[in-house]
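So you can see what is in the structure, the chains are spelled out below.
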Amino acid sequence: MNLIERIDHWAVVAPEAIAHISDGRTLTYWELRSRSNALACYLTQRFGDDRRPIAVLGHREPEMLVAFLGSVKSGRPYVPLDTALPQQRIDKILATSRAALVLTPKDILEFSALQVCSPAAAVRGDEPFYILFTSGSTGEPKGVIITLACLEHFIAWMLAEQRFTELGEVFLNQAPFSFDLSVMDLYCCLATAGSLFSISRDLLENPKKLYRALASSGVTTWVSTPSFAQMCLVEERFSEAMLPRVRRFLFCGETLAPQTAAQLLKRFPRAEVWNTYGPTEATVATTSIRIDAGIVERYSPLPVGRPMPGSEIFIVNGNREVLAANQRGEIIITGPNVSPGYLARPDLTANAFFQHAGHRAYRTGDFGRFRDDVLFFEGRMDEQIKVTGYRIELGDVEANLRALPTVRDAVVLPVTKKGAAQSLAAFVLLAERHETSDFNVAHKLRTQLGERLPAYMLPRKFVFLDAFPMTANGKVDRASLAKSL
Amino acid sequence: MIAADFSDKVLQLLASVAETDEVFANLDLPLYECQVLDSMRTVQLILMVEEEFGIKVSPAEFERETWQTPRKIIADLRHRMSM
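For the record, the sequence lines run as chains A and B.
The numbering of the first sequence is this note's numbering, which starts it at 445 and goes up by one.
The numbering of the second sequence is this note's numbering, which starts it at 60 and goes up by one.
Treat each hint with caution, since some may be false.
Just a few of them, taken from the derived set where beta-carbon distance is under 7 Å, the chain B residues facing chain A [claimed, not checked]:
no. : residue
1   : Leu70
2   : Ala74
3   : Glu78
4   : Glu81
5   : Ser98
6   : Val102
7   : Ala119
8   : Phe121
Distance condition first, Cα-Cα at most 25 Å in a straight line; then the derived SDA-like pairs of lysine to any residue [what the hints assert, rightly or not]:
no. : chain 1 : residue 1 : chain 2 : residue 2
9   : A       : Lys652    : B       : Glu92
10  : B       : Lys115    : A       : Ala657
11  : A       : Lys862    : A       : Thr832
12  : A       : Lys927    : A       : Ala865
13  : A       : Lys861    : B       : Asp80
14  : A       : Lys653    : B       : Gln94
15  : A       : Lys830    : A       : Arg645
16  : A       : Lys905    : B       : Pro89
17  : B       : Lys115    : B       : Ala63
18  : A       : Lys905    : B       : Lys115
19  : A       : Lys888    : B       : Ala63
20  : A       : Lys905    : A       : Thr832
21  : A       : Lys861    : A       : Arg742
22  : A       : Lys653    : B       : Leu106
23  : A       : Lys652    : B       : Arg123
24  : A       : Lys905    : B       : Arg130
25  : A       : Lys536    : A       : Thr548
26  : A       : Lys653    : B       : Ile133
27  : A       : Lys861    : B       : Phe112
28  : A       : Lys905    : B       : Ser75
Keep in mind the hints are simulated off the structure, nothing from the lab.
The C-beta atom is built at its ideal place from N, Cα and C for all residues, glycine as well.
My request is simple: use the sequences and hints to build the entire structure.
Here you go:
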């Protein structure tokens, strides 16, 4: 059974089992299979041999899952898009992906209610399964292609390591479907006939509702960014008493702070805490490690673990020579979980991907080193940063700022606290100025930029300058700007 | 503690979380609407308020309406202090 067949077989074994819960709406495994089959047939009839991707634009609706599976069952990859993305960003992604169709929950409901048939030509092994768009340094989002084989390799590892209870798990879905952390909860859940419990925007914005929802969720497997757990921990009642069934916390997307791990271990004495690491280009996560009290005590920062079986990680220097343990260099990932590359961008693909011993390999641009046989992540080599788990290229924000009519030039830097980026600050040279107060100008720029970029990429702080400080060789002195923050 | 000191301190905490001095200038700034505050920042502010004044605000009982503007935050915290 491949992954798609495995998900489908639950419709026979446990047709009434709940696959997804979101804002009070549910989807059973039977509904998931029959609706995704119907949608696959609709797509096949409408597009025939045209296998261009299907964009799926929504939030946490159960229809999203129907559309993801419907697309791949018709032999087409899907491009997940969250409604929080601004229209201009969506347009850029649609243009790059050459999506044949954009499906919204309303369309999906309509097209999946049609006749049920058995779709014949689902996505296979090395064919693209999903395409996930991430920030690109020049202001153009880039689409990471993940094949069915990549995803299966990742999921097989997760299932073997975590030993989820089939038909017994409730997975927390905190990340939007347009962010690959969600792939971890979504497909581990569907592969084991679990229930996916989504945190919608409405819950995120209303802490009172959020905690009430968590308390009634029955979550057994918590999957989130460390930032989200850190936020939840501020409430003292966020403990085993609120979530008595939690058995494990799985973290990915950003650095897990030792304090967060320690607090979780204390408040959830019966749960395991796992740290994982990996870029979108290598299918969600490549390394993992269980963080127990001993590790918290011994290491700060925490290690990110060992690579999954079948994949390898090595550390190289600037000349691409492999380094010994304890030496710091670039993290290279190789194995069947590595993406074939960026959609329609052979230039970017050639820069970041190469072949190694019969496998694809990816240059992460991350610094790291092995110590005591486990990998430690030590930051970025370039200007990519993570804010609350979201991957952002500073160049992307700068390029979009410069495209605004009142902006002459812009430099964007992270505001860091305890070594972690908390938010972005923009240093702006204005071409013209009509507003009087800096706050009003900043508010206007942020609003305009919000039409081009997702909210998590918008600078919080704006500093207006007449000129940028320069280094001796005539470049913008980013270090001195950073110092002024 | 005299009233003005308390308000000032609250505004300082708010300004540092929100990363803008506008909160001093406009006490009726709609914090959530202007995206000056969000869930993450509200929680940061809750932590700072506890550290500074010893006031415990439970995120599980928190409603955005009570902290909609700088003025409302000051009023709410003053009320909690007096309890």
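For each hint, the structure was consulted:
The beta carbon of B:Leu70 is not positioned within 7 Å of any beta carbon in chain A (closest approach about 14 Å), and the interface hint is therefore violated. At its closest, the beta carbon of B:Ala74 sits 11 Å from a beta carbon of chain A; the interface hint therefore is violated under the 7 Å criterion. Contact between B:Glu78 and chain A, as hinted, is supported at the beta carbon level, the nearest pair being about 5 Å apart and thus within 7 Å. Contact between B:Glu81 and chain A, as hinted, is supported at the beta carbon level, the nearest pair being about 4 Å apart and thus within 7 Å.
Against a cut-off of 7 Å between C-beta atoms, the interface hint on B:Ser98 holds, since the closest Cβ of chain A lies about 6 Å away. The interface hint given for B:Val102 is met, as the beta carbon of that residue sits about 5 Å from the closest beta carbon of chain A, less than 7 Å. Interface restraint check for B:Ala119: the shortest CB-CB distance to chain A comes to about 4 Å, inside 7 Å, so the restraint holds. Taking 7 Å as the C-beta contact cut-off toward chain A, the hint placing B:Phe121 at the interface holds, the least distance being around 5 Å.
Between A:Lys652 and B:Glu92 the CA atoms are separated by roughly 19 Å; this keeps the pair inside 25 Å, and the hint holds. In summary, the hint linking B:Lys115 to A:Ala657 is supported, as the alpha carbons are separated by about 22 Å, within the 25 Å threshold. As the CA atoms of A:Lys862 and A:Thr832 are separated by approximately 14 Å, the hinted pair is consistent with the 25 Å bound. The suggested pairing of A:Lys927 with A:Ala865 holds, with an alpha-carbon distance near 14 Å, which does not exceed 25 Å.
Between A:Lys861 and B:Asp80, the direct Cα distance comes to roughly 19 Å. Compliance with the 25 Å bound is thereby established for this hinted pair. A C-alpha spacing of about 20 Å is found between A:Lys653 and B:Gln94, which places the hinted pair at or below 25 Å, so the restraint holds. Proximity of A:Lys830 to A:Arg645 is assessed by CA-CA distance (about 20 Å); at most 25 Å being required, the pair is judged to hold. For the hint linking A:Lys905 to B:Pro89, the alpha-carbon distance of about 17 Å falls within 25 Å, and the restraint holds.
Restraint check: the Cα-Cα separation between B:Lys115 and B:Ala63 comes to about 21 Å, which is no more than 25 Å; the hinted pair holds. About 28 Å separates the Cα atoms of A:Lys905 and B:Lys115, which puts this hinted pair outside 25 Å; it is violated. At roughly 32 Å between alpha-carbon atoms, A:Lys888 and B:Ala63 are farther apart than 25 Å, so this suggested pair is violated. Annotation: proposed proximity of A:Lys905 to A:Thr832 holds, straight-line Cα distance about 16 Å (limit 25 Å).
At roughly 22 Å between alpha-carbon atoms, A:Lys861 and A:Arg742 fall within 25 Å of each other, so this suggested pair holds. Restraint check: the Cα-Cα separation between A:Lys653 and B:Leu106 comes to about 20 Å, which is no more than 25 Å; the hinted pair holds. With a C-alpha separation of about 9 Å, the suggested pairing of A:Lys652 with B:Arg123 holds against the 25 Å cut-off. Restraint check for A:Lys905 and B:Arg130: the C-alpha separation of about 22 Å stays at or below 25 Å, so the hint holds.
Of the pairs offered as hints, the one joining A:Lys536 and A:Thr548 holds, with about 18 Å between alpha carbons and a cut-off of 25 Å not exceeded. Among the hinted pairs, A:Lys653 with B:Ile133 is consistent with the structure: their alpha-carbon atoms are about 24 Å apart, no more than 25 Å. Pair hint A:Lys861 plus B:Phe112 holds up; C-alpha atoms about 23 Å apart against a cutoff of 25 Å. At roughly 11 Å between alpha-carbon atoms, A:Lys905 and B:Ser75 fall within 25 Å of each other, so this suggested pair holds.
Hints 1, 2, 18, 19 from the earlier list are contradicted by this structure; the remaining hints agree with it.
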